[in-house]
Every structure is written in structure tokens, then in C-alpha cells.
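Engineer: So the chains spell out like this:
2 protein chains.
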Amino acid sequence: MNFSSKLIEEAVEAFASLPSIGKKTALRLVLHLISQQEETSEQFAEAIVKMRKNIKSCKVCHNISDASTCNICVDVRRDRSLVCIVESIRDVMAIEDTAQYKGLYHVLGGVISPIEGISPTDLNIDSLVERVEKGEIKEVIMAISPTIEGDTTIFYISKKLKAHNVGVSTIARGISFGGELEYADELTLGRSIVARTPYQKE
Amino acid sequence: MNFSSKLIEEAVEAFASLPSIGKKTALRLVLHLISQQEETSEQFAEAIVKMRKNIKSCKVCHNISDASTCNICVDVRRDRSLVCIVESIRDVMAIEDTAQYKGLYHVLGGVISPIEGISPTDLNIDSLVERVEKGEIKEVIMAISPTIEGDTTIFYISKKLKAHNVGVSTIARGISFGGELEYADELTLGRSIVARTPYQKE
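Same order as they appear, the protein sequences are chains A and B. In the numbering used here, each residue carries its 1-based index in the first sequence increased by 13. In the numbering used here, each residue carries its 1-based index in the second sequence increased by 13.
I should point out that these hints are in silico values taken from the structure, not numbers from a laboratory. From a predicted model like this one, the values you see are computed outputs, not experimental measurements. We put the beta carbon where it would ideally sit given N, CA and C, even for glycine. Each hint should be verified, as a subset may be incorrect.
Said to hold, decoys possible - Below, computed lysine to any residue pairings styled on SDA-like, alpha-carbon distance capped at 25 Å:
| # | chain 1 | residue 1 | chain 2 | residue 2 |
| --- | --- | --- | --- | --- |
| 1 | A | K66 | B | L202 |
| 2 | B | K72 | A | S48 |
| 3 | B | K36 | A | T111 |
| 4 | B | K19 | A | I108 |
| 5 | B | K36 | B | V62 |
| 6 | B | K19 | B | E51 |
| 7 | B | K66 | B | D92 |
What the hints assert, rightly or not - So the derived list for chain A, only partly shown, Cβ under 7 Å to chain B, looks like this:
| # | residue |
| --- | --- |
| 8 | S17 |
| 9 | E23 |
| 10 | A24 |
| 11 | A27 |
| 12 | L42 |
| 13 | D79 |
| 14 | T82 |
| 15 | L194 |
| 16 | E195 |
As the list claims (entries may be wrong) - Some, not all, of what chain B presents toward chain A, calculated at C-beta under 10 Å:
| # | residue |
| --- | --- |
| 17 | S33 |
| 18 | T53 |
| 19 | I61 |
| 20 | N67 |
| 21 | E100 |
| 22 | G180 |
Given only the sequences and the hints, what does the whole structure look like? Please build it.
Structural biologist: Dropping the structure here:
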């Protein structure tokens, strides 16, 4: 694309460096900012710089946080005997959005993947074991993607926690609510029959 | 969405205020910036603020420009007797990308639209007439969208320029190259038959 302006080109490159934003979209965003007041761009830029500068990782659960301990960890109304183990902060948000869970979290920061060179020491597993050692936690829930890497991670963590008096569960797997049987993959469908649950009238 | 962080929320709102970016995409962009070095966010923000602060409108053609006169208007290799009239700076970029045009431009900043309250005085028409009055321009090419508003604008400008010794043309309209006849709209197809051109071997 021919920008006829070095300033535009640099701003377009900046936007286009973000994931899922191509040059055409980047240009539309830049032209939008040009059509707005100068303050709009300044406020936009400030929000991003301020966020990046001040955002912290919770020292307990490794969730993103404004303070050294996150909102969820300091919330006294939450059940401190339950810890949900997730891969990323996005999973915390997804589970929080369901409003079905009132325990705490532990963000691993990924899953064990020898192919990508991610070993257990790269993940927040030691800090999880330390949390469990304190004795307050009664159950850890593995909310980790059902992939080979995810299953390896679940297996590794459950072995690490064996010596401690803590229950380990995984989130239920099966056919999605609203999902149609014929479109489900064989593995999910097969396992959902093996792991059938007694029928309960709601 | 539950962000559990005021900083994240503000940054997501900032991105989501841009056109075609929803909250989910905004969150992905914010999490991407968090995963990068702090300098990445600073450079990103700086490129935008710098661009918005220093970007100018060319005093001749109203194209966006780094200086008071744009690259195209100062380029001595361009044909100063030809001026292409377009609605927006994006149209300038689109025509420049074709590499088929070597004249100058004039950006109107929109089209006459009584419904949206855009009158001829809101557009850069007076400055176009002034440019034409200087006598250097031999032809103006109307590269304006073929809508009712666009046609009104073309009619208005051609009337304004009637007193001056300048040719007025519009860009060719017809079936797109690679377009299939059966999918063309009736108006375009009908007019393309009326406005047929002699066959030329290329």
C-alpha cells in the first residue's frame, strides 16, 4: 500500500503488529483516529501505556492484577478450600463469566509441551505445591484443555500432589449443551457414553 | 465480561472504541501487549500519538500529509494539468495503488448529502474552484462513488466549473474486470450496453 506519509505508515505498522490486524484494518483504525480529536488518540495511547506499566501478576495465583494480590485472592467471600487450575488468565475470565465457580484459581501460564520446549519448571507448578502444602486447600480442579499436552500436565500435577491430602478432579467432558450428537467427534461421544451420569430431573 | 482489573478494563475499552473491534478482540490485543515487553506498548502508543499530533492536511489538495503540502502535490514528475477529484484520502490511496494515474488529486472530504446535513460549503469545493482559476489545470476527473449523493456532487461541481476553461470527465463505469454478467446489477449492465466502447485489440 502507498501511504504517501511516513507518520501514517508507522502508525499502520504499529497496529498491524498486533495479532489478527492486517494492514487494511490498521489503516481504517488510523484514519478513524485522524478523524477524531487529538485528545482521543492521546487517551487511547495513555490507557495502553498505563495498563502495561502498572499491570502485575498476582503473587498467589499468577492471575493478572492491579495490585500484588488479585481481586479474587483477596475476596473473603470466596471458598479458599477450592482451587481451579487453568492454563491462562483468559481461562480465568471465561470461568468467572459463567458465575458458577466461587473458589480460587491457579494460573499455570501454559501446559507441559516438550515440542515447544515448555518443561514443568517453566510453569507455576512449584507455587501450586506450596499453596497446597499450607493445608487450607481441600480440592484442586483441573480446568485444562483436553489435549495431549493438557493431559500430560494434569498427570504431572496430580503425581506432584499425591503426597498431600488434597482431592484432584477434572472438569466434566462430554457433549456440549445445545450440541448435536451427529456432529460430535468420535472420541468425545465415545467417552461421554463410557462416563455416563445418572439421570436427574432438574 | 469480568476483567478483575481496572487497568485491563480501561485498555480493553480503549481498543473497543475503535471501529470493527469488539470487546473479545480488544481483550486479545491487550493480553498480547501484556505478553510483550513494556517497550512494545510504549512504542505502539508513541507511534499513534506522534502520528495524530503531526499529521496535516495538504493545503493544496487536502490529502493527509507529513508537511503542509503533500508528497503528491510537490512531486514535479506528476502531471499538473490533471486533477482527480475524490471523496476521501482512502480513495487517493486506492488510486495510487493502481499506479495508473500520474496527475494530482483534490480531496472533497465527503459528498453533498442533504439527509446527513452535508452541504457544498462543508466540502473542499471552493478551494477546487480556486485551483482551477489559476489556469494550469486542463481536466478534472470525477472519481466519485456512483450514488445519488455522488451524482449530485458531480453535477454541482461541474456546474461550478462551467465558467472555466476546463474539461470534466468521470471515471468509466461498467462491468468489473473478471465480473460475471449474470451477477451484475441491472443498472450497471444496462448502462454498460448504452455506453459501449469500440472493440480494441490489446
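Engineer: Any of the earlier hints contradicted here, and which numbers?
Structural biologist: The structure breaks hints 1, 7, 14, 15, 16, 21, 22; every other hint is satisfied.
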